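Q: Each chain is listed here by its residues.
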Amino acid sequence: MSAGDRVGGERHSVTSLFVFFLIGSFAVLAVTLTLVGVRAYRNVAAVSVRNGDGQIALSYLLNKVRALDARGMATLRREGDRDVLCLREEIDGELYETRVFFSSGSLMEYYVEADAPFDPEAGTSICRLSSLSMTLEEKNLLRLEAVQPDGRVQSLRVALRGEAYGE
Amino acid sequence: MKNYKGNMLLIELTIVILFFSISQLAVARIFAAADQKARQSDLLSVALLSAEDTAEGLACQEDPEAALRRWGFAEENGQYVRSDERGFDLLVSVEKQAWTAGKLLQIEIVAREEGRELFRLPVDRYLPREEQP
Numbered sequence: 001m002s003a004g005d006r007v008g009g010e011r012h013s014v015t016s017l018f019v020f021f022l023i024g025s026f027a028v029l030a031v032t033l034t035l036v037g038v039r040a041y042r043n044v045a046a047v048s049v050r051n052g053d054g055q056i057a058l059s060y061l062l063n064k065v066r067a068l069d070a071r072g073m074a075t076l077r078r079e080g081d082r083d084v085l086c087l088r089e090e091i092d093g094e095l096y097e098t099r100v101f102f103s104s105g106s107l108m109e110y111y112v113e114a115d116a117p118f119d120p121e122a123g124t125s126i127c128r129l130s131s132l133s134m135t136l137e138e139k140n141l142l143r144l145e146a147v148q149p150d151g152r153v154q155s156l157r158v159a160l161r162g163e164a165y166g167e
Numbered sequence: 001m002k003n004y005k006g007n008m009l010l011i012e013l014t015i016v017i018l019f020f021s022i023s024q025l026a027v028a029r030i031f032a033a034a035d036q037k038a039r040q041s042d043l044l045s046v047a048l049l050s051a052e053d054t055a056e057g058l059a060c061q062e063d064p065e066a067a068l069r070r071w072g073f074a075e076e077n078g079q080y081v082r083s084d085e086r087g088f089d090l091l092v093s094v095e096k097q098a099w100t101a102g103k104l105l106q107i108e109i110v111a112r113e114e115g116r117e118l119f120r121l122p123v124d125r126y127l128p129r130e131e132q133p
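Line by line, the protein sequences are chains R and Y. Here the first sequence is numbered in the working numbering, starting from 1 and rising by one per residue. Here the second sequence is numbered in the working numbering, starting from 1 and rising by one per residue.
It is worth saying that the hints were derived from the structure and are not from the lab. Do not rely on the hints blindly, as some may be mistaken.
Claimed, not checked - Listed next, the stretches of chain Y that the computed footprint assigns to chain R, with coverage defined by at least 3 CB atoms under 8 Å from CB atoms of chain R:
| id | segment |
| --- | --- |
| 1 | 16 to 27 |
| 2 | 57 to 67 |
| 3 | 93 to 102 |
| 4 | 117 to 124 |
Unchecked claim - A few chain R residues that don't get close to chain Y, going by computed Cβ distances all over 10 Å:
| id | residue |
| --- | --- |
| 5 | Glu10 |
| 6 | Gly54 |
| 7 | Ile56 |
| 8 | Arg77 |
| 9 | Arg78 |
| 10 | Glu94 |
| 11 | Ile126 |
| 12 | Ser131 |
| 13 | Glu137 |
| 14 | Glu138 |
Only a predicted model underlies this, so the values are computations on that prediction, with no experimental measurement involved. Every residue, glycine too, gets a C-beta built ideally from N, C-alpha and C.
Full structure from sequences and hints, please.
A: Structural data, given as structure tokens:
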């Protein structure tokens, strides 16, 4: 092998090594970027779900109260070991009640005649929760505290237009 | 001739990788911005719930200052401030205007993050004279 061939071979090896290094670093950067992108996407999706789902219970309760809290028509009462928010309305001289409570890991609601007995198995599940507490902080200030399935605690006070009656 | 072809291939390869690297940089910036927006949206959502909670509470108070102190707000330069552990502050300013027929309470809740204003929530309440304590 001549000296020229040896120099040419070394140059070829350096070039190959450089190309390999270039492609290798590009591949590493591309994988890193993909992983960063996946993390960012997961975070965006998680925040979006958390913001959406997390406020369903409180927004739902707030809207219910806003729609039906005529004077003397909102009642917070205890049925067994649970708080039940009762929102009454009069239709054709008859009193009906929307009962909102927490049962079996869900926020539940049902609509019955006001004098019907309370049945925790009745009603429709609105959304999943770990727990819900409803208390009257003042005569016209309802305090709602919901614990989300992921453990986050959210609380909201709701000013009642008419006074509520705690029983 | 063989050497010339090799160099051309190398230059071509470098240009392609450079182009993809610049594209990656742009995409990385977009990912970072999306991540930042998500965090901002989370903070805004929590701050809004907290401000709404305060606003609702104040909507039925005859003495808003006393209620604010009870809820952990500290008085600073004529405003009531409460810092939240999630990284935002709520500032509440209360202004009272006496009218012949009653009193107007003008309350404004401002949410701030590191001195930057996130949003402003006005809560006004009119107390007719006969309802005043």
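Q: Now look at each hint and say whether the structure bears it out.
A: Hints, verified against the model:
1. Restraint check on the segment 16 to 27 of chain Y versus chain R: 5 residues with Cβ-Cβ distances below 8 Å, three needed, restraint holds.
2. For the segment 57 to 67 of chain Y, the proposed coverage by chain R is satisfied: 3 residues have a C-beta within less than 8 Å of a C-beta in that chain, meeting the threshold of three.
3. With a threshold of 8 Å between beta carbons, the proposed coverage of the segment 93 to 102 of chain Y by chain R is violated, since 0 of its residues qualify and at least three are required.
4. Interface restraint, the segment 117 to 124 of chain Y with chain R: violated (0 residues with C-beta to C-beta distance below 8 Å; minimum three).
5. Glutamate 10 of chain R, annotated as away from the interface, keeps every beta carbon of chain Y farther than 10 Å; the closest lies near 13 Å.
6. With a minimum CB-CB distance of about 8 Å to chain Y, glycine 54 of chain R fails to clear the 10 Å threshold, and the non-interface call is violated.
7. Look at isoleucine 56 of chain R: its CB is around 12 Å from the nearest CB on chain Y, clear of 10 Å, so calling it non-interface holds up.
8. In this structure arginine 77 of chain R is separated from chain Y by more than 10 Å, as the shortest Cβ-Cβ distance comes to about 21 Å.
9. A cut-off of 10 Å between C-beta atoms confirms that arginine 78 of chain R is not in contact with chain Y; the least separation is 23 Å.
10. Every C-beta of chain Y lies more than 10 Å from that of glutamate 94 of chain R, the closest at about 30 Å, which supports listing it as non-interface.
11. The non-interface label for isoleucine 126 of chain R is consistent with chain Y: the shortest C-beta to C-beta separation is roughly 18 Å, beyond 10 Å.
12. For serine 131 of chain R, the non-interface assignment is confirmed: its Cβ lies about 18 Å from the closest Cβ of chain Y, beyond the 10 Å cut-off.
13. For glutamate 137 of chain R, the shortest C-beta to C-beta distance to chain Y comes to about 8 Å, within the 10 Å cut-off, and the non-interface label is violated.
14. The claim that glutamate 138 of chain R is not at the interface with chain Y is violated, since a C-beta of that chain comes within 10 Å of its own (minimum 7 Å).
Hint compliance for this structure: hints 3, 4, 6, 13, 14 are broken, all remaining hints hold.
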